[in-house]
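Please take these sequences and the hints and turn them into a complete structure.
Sequence positions in the sequence shown follow the working numbering and run 50 to 344.
No lab work stands behind these hints, which were simulated from the structure alone.
Keep in mind the model is a prediction, meaning the values are calculated, not measured.
Cβ coordinates follow ideal geometry from the N, Cα and C atoms, glycine included.
Please note: incorrect hints may appear among the correct ones.
[Said to hold, decoys possible] Pairs of lysine to aspartate or glutamate, EDC-like flavour, derived with a Cα cap of 20 Å: (1) Lys54 with Asp71; (2) Lys98 with Asp66; (3) Lys262 with Glu272; (4) Lys98 with Glu119; (5) Lys128 with Glu149; (6) Lys153 with Glu119; (7) Lys264 with Asp342; (8) Lys53 with Glu91; (9) Lys262 with Asp342; (10) Lys262 with Glu316; (11) Lys98 with Asp58; (12) Lys128 with Glu203; (13) Lys244 with Asp254; (14) Lys249 with Glu203; (15) Lys54 with Asp64; (16) Lys275 with Glu203; (17) Lys331 with Glu149; (18) Lys169 with Asp180; (19) Lys147 with Asp71; (20) Lys336 with Asp58; (21) Lys264 with Glu324; (22) Lys98 with Asp61; (23) Lys280 with Glu203; (24) Lys335 with Glu149; (25) Lys98 with Asp71; (26) Lys244 with Asp281; (27) Lys153 with Glu91.
[Claimed, not checked] Label pairs and their in silico Cβ distance ranges: (28) Asp66 with Ser289: 41 to 51 Å; (29) Val181 with Ser242: 17 to 27 Å; (30) Val154 with Ala312: 39 to 49 Å; (31) Thr259 with Lys169: 18 to 28 Å.
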Amino acid sequence: MYGKKSAPDANDLSDVDIMLFDVQDVGTRFYTYINSLQYYMEAAMANNKQVIILDRPNPNGHFVDGPVLEAPYSSGVGKNAIPTVYGLTMGEYAQLLKGENWLKVVDGKANLSLTIIHNKNYTHTSMYTVDVAPSPNLASMNSIYWYPTTCLIEGTVLSEGRGTPNAFANIGHPSITSQTYSFTPAPRIGAMSSKLYGQKCYGWDLSKTTPPKNKIDIALIIEIYKSFPQKDSFFIRPKSGEPTAYFFNKLAGNATLMQQLIAGTSEAEIRKSWEPRLTAFKTMRKKYLLYTDFE
Numbered sequence: 050m051y052g053k054k055s056a057p058d059a060n061d062l063s064d065v066d067i068m069l070f071d072v073q074d075v076g077t078r079f080y081t082y083i084n085s086l087q088y089y090m091e092a093a094m095a096n097n098k099q100v101i102i103l104d105r106p107n108p109n110g111h112f113v114d115g116p117v118l119e120a121p122y123s124s125g126v127g128k129n130a131i132p133t134v135y136g137l138t139m140g141e142y143a144q145l146l147k148g149e150n151w152l153k154v155v156d157g158k159a160n161l162s163l164t165i166i167h168n169k170n171y172t173h174t175s176m177y178t179v180d181v182a183p184s185p186n187l188a189s190m191n192s193i194y195w196y197p198t199t200c201l202i203e204g205t206v207l208s209e210g211r212g213t214p215n216a217f218a219n220i221g222h223p224s225i226t227s228q229t230y231s232f233t234p235a236p237r238i239g240a241m242s243s244k245l246y247g248q249k250c251y252g253w254d255l256s257k258t259t260p261p262k263n264k265i266d267i268a269l270i271i272e273i274y275k276s277f278p279q280k281d282s283f284f285i286r287p288k289s290g291e292p293t294a295y296f297f298n299k300l301a302g303n304a305t306l307m308q309q310l311i312a313g314t315s316e317a318e319i320r321k322s323w324e325p326r327l328t329a330f331k332t333m334r335k336k337y338l339l340y341t342d343f344e
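Encoded structure:
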């Protein structure tokens with residue numbers, strides 16, 4: 050999935066009859082395994098191959114939350130108009146991609162044979178734990194549960210905890226001396242290079258806490274922004290300065306959240322701005338559920 054090509058081509062598939070997809074996802078738009086799923090489905094469709102998905106539980110599949118991605122902000126960390134947390138398994142998301150015609154058609158080949166092997170005894174009604182880390186920087190369930198919130202920090206100058214045992218559960222920067230907790234990022238497997246290595250960062254230790262139930266912790270993001278002394282340098286600024294080029298905006302799926310943080314918008318107002326498109330997505334999502342839902 051992270052080699053020289055994002056998906057197999059016709060030569061790769063020349064002696065393949067069936068493409069089997071068995072990958073543990075974490076149910077968050079910017080976690081790129083769902084992009085890989087889409088690329089594989091498109092390759093299969095273009096080359097008349099069958100796709101079988103061995104479905105797996107989604108550890109963040111018990112809620113839906115966050116802004117729905119706006120088209121100008123489609124990128125490698127978010128391709129489609131789905132919210133940050135979309136509440137679908139890989140199998141359900143594959144059905145959505147096919148059912149909503151979101152797969153790219155090549156040479157008029159628009160038919161895809163898709164089979165999903167269902168999970169037994171899985172529902173969307175409760176939190177789920179995984180036995181194996183889906184990636185090196187999501188090594189604990191705590192990090193997986195915090196990831197929908199704290200991955201936004203990747204678009205800022207703060208450390209999101211890469212280079213510590215608690216990636217995405219340690220947040221900080223050398224200048225936030227108002228916080229007493231400290232950590233120092235260092236090279237480690239899965240994070241050999243990242244922000245602020247070797248620098249003592251002050252901030253938040255989320256490794257022994259859990260996020261608010263069934264929602265992204267926007268209040269925490271607001272608190273982090275307010276605690277940072279140099280507001281003008283909080284967000285990593287691209288050379289072009291264009292809103293669509295900011296990595297924070299690519300993660301958020303829009304430029305609005307950045308503007309709201311700068312303006313001091315309340316959590317309630319931020320959430321209200323999400324409601325129309327989030328409600329529409331929830332309605333669409335219902336069509337593709339394979340398991341008992343949380344609502």
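ask   = Checked against the structure, which of the hints given earlier come out wrong?
value = Violated hints (numbers, rising): 4, 20; every other hint is consistent with the structure.
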